[in-house]
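A.B. asks: Using the sequences and the accompanying hints, generate a full structural model.
Protein chains in written order, with the UniProt record's numbering: chain A, 1 to 380; chain B, 1 to 378.
Honestly, the hints are just simulated from the structure, not real lab data.
No experiment lies behind these values; they were computed from the predicted model shown.
Check the hints yourself; a few may be wrong.
Claimed, not checked - Once the Cα atoms are required to be at most 25 Å apart in a straight line, the calculated PhoX-like pairs of lysine-lysine come out as:
#1 B:Lys133 / A:Lys292
#2 A:Lys152 / B:Lys160
#3 B:Lys179 / A:Lys292
Residue-level listing of the chains:
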Amino acid sequence: MLSDVTAEELMSFLNLDTRPDIKGQATEYILGLSGNRDGCRFLQTKPDLIKALVTLTTDPSIAIVKDCYHTLINLSADETMHRLLVKNPDFLPMLFKNILDPGYMFADRICTILTNLSRHMKTCKEVFKAMQEQGISLAQIVEIFCTEDYNKQASLHYLGPLLSNLTQLPETRQFILDKDRCVVQRLLPYTQYEASTIRRGGVIGTLRNCCFDHVHHEWLLGEAVDILPFLLLPLAGPEELSEEENEGLPVDLQYLPEDKKREEDPDIRKMLIETLILLTATKVGRQILKTKNVYAIMREFHNWEKEPHVVAACEKLIQALIGDEPEPGMENLLEVEIPNDVEVKLKDMEAKELEQLEKDKEDLLNPDKAQHCAGIVRMM
Amino acid sequence: MQYVCPTVLNLQKTDNIREFNKVPMFMKTAPEDIDPLKHPELAAIQSIIHDDDRPLGEQAQSLKDEGNEYFKERNYKKAIVSYTAGLQKKCSDCNVNAVLHTNRAAAHFHLGNMRSALNDAVAAKKFKPDHLKALIRGATCCLELKKYTDALQWCEEGLKLQPTDKKLLELRAAADKHKRVAERDARKAKVQEKKERSEREALLAAIKERGVKLRMPPPRPKRQSESEDGGYEGASKALAGLDLDGLCSTEATGARVFLGEQGIIYWPVLFLYPEHQQTDFISAFSESSSFLDHLSHMFGEELPPWDTDRKYSFKNLQVFFEDEERESLHQVNPETTLLKTLQHKRYFVKAGTPSFIILVKGSPFCKKFFSERKTYLL
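C.D. replies: In structure tokens:
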């Protein structure tokens, strides 16, 4: 690594007054360091670094500002750096100051940094607090997220995973699920947003986390929100279903064209299925999913899916849908044609495994466990 | 016009109420037209409102109030007149103008003039982009006009200003629902269309396979000239449209050739009886049936009323088809199937409906008929 003297010199170059070419080389070097673990360790020992980087984001040279942001992204990707970053009193305010600016060309980088920082609960809380202190509301974040071309120079796709991370906090879930507003409804169409996997995944993660709260399920599945079609559409394929089966589906899933494509990211597919499984936690939810012929969609999906971890989730869902509920009028489900391979697999599940499933379900529903968080992003 | 003091009431008169009603202050409703002779006071008050030198903004306000009064009475037409007059003042107060447009929009809405209502909502928005009532009205109009995407747009704008407005949330949910139903209907229609198209194609393929030739009606100017393949392309278009029923209008029954069970084609067939200028229409003649099968039923026990000579018994009947192009007549053995006959090298199915001429063997009409054209007898 660098000697202390060289390190000192390097730090001294990181201020606005330095000659541009030297400044540029210094920031480039720092960026390189931030890209690997050892480099990060080293930078961690330099508390003035964050301060310098924050200041340099106001530098007139775009290249320098870019390097600063990329460095910050890399640093934020390292969990051990979070304390240091957040401790700097200007860091979070600086990020939030610019995020709502429709002309700010680095808005996407800000979103990425915030996503990285909000991954774990502790820093997530700090991020949320800082956001509020800057006078920025969740309403505003959702507003700019849902406004097409809000920022001509930034796609703001990373607001998706940011929102998803923020839903670890009950306040965020409360806002999104506010019955007197139209928030979750505005996010729903993005479950099929083709142009960005990031945005799509972020929204679906958000919905998944929101579904941990059972109390909202009936409202979510009801007419005011109607979440079901938006969860099913990415899983539905072009396979032709009989007229009878079609008429039993939610309106948006009826008569899908032959060029209908399924969600291409397997992790997102799994998330969608997990969300549906969450919705089967209540009797009401199970009832609704059964009545709306979700089984037909999942049957075709099961035939098509190749990834084992997604298939497993699918089978869990199907089990919940055709599970043995001794309700009157539900006996007809036994007459449902279950494809042979699924039937075999289901039969193979011993009682012990069924028990494990129940336990897993409980864990899944525990808000402190297994919450989806957006992945860490690195830049080189 | 000068202001005139109200008439002094003679309280001893029996029709007090009527007298009261003549005094502007006590009027319950305004008369439709204010006749200055009958209601001098009202006319005077009205003139204060209308022909005056007050600032434009004030005048506009008064007209707005006047319009609102008419609106309350559900006299929407009059309300519109007042609001229009208010707008014509072209005062500089954006608020008043926005309200005038919004209120006029509401009046139009209640009269069912959706487009005018929408135009007014748009205009109101221009004057005051944050006028919530205008946004709600705009959304409502779009919903009525079935412009669901636009309705959603209006709702979104409104909710930005007032995120908890119940009416907007309601409208948004309704517009969203209708939009998705409309999309489903479009998809369903597409699926139906595809199904029908493939059925048509299967039918045409079956017809072609049998070597049956179709002749379509003369091509319309825009289309290309008749295709080489025995008219199948044109036929497809015709089957798609309603050209198949381009027979004599009395036979526009909507019956069409179709592919039935076990791959059997059923044709709508016409039997022509030129002797008596009569026709019979068989809506679904199986290609594997023979003419005799039908004729023996149609001319078996009971003969048709137009057969005045009682000679059209099936045993006496002969079947022919006409080759229009060559103006000739070909005899058909009644025991042959329809299919076999259609496969005759000079048989062309016209307008999707095979037709055949039925004559009585050896009749004078028959002889005359033969003499007029080249006849190929069996």
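A.B. asks: Given the proposed pairing of Lys179 of chain B with Lys292 of chain A, does the C-alpha separation stay at or below 25 Å?
C.D. replies: 20 Å, holds
A.B. asks: Mind checking the alpha carbons of Lys133 of chain B and Lys292 of chain A for me, to see if they're no more than 25 Å apart?
C.D. replies: 38 Å, violated
A.B. asks: So if I understand the rule, the pair passes when the alpha-carbon distance is 25 Å or less; does Lys152 of chain A with Lys160 of chain B pass?
C.D. replies: Holds, because 21 Å separates the two Cα atoms, which is no more than 25 Å.
Consistency note: the structure conflicts with earlier hint 1 alone.
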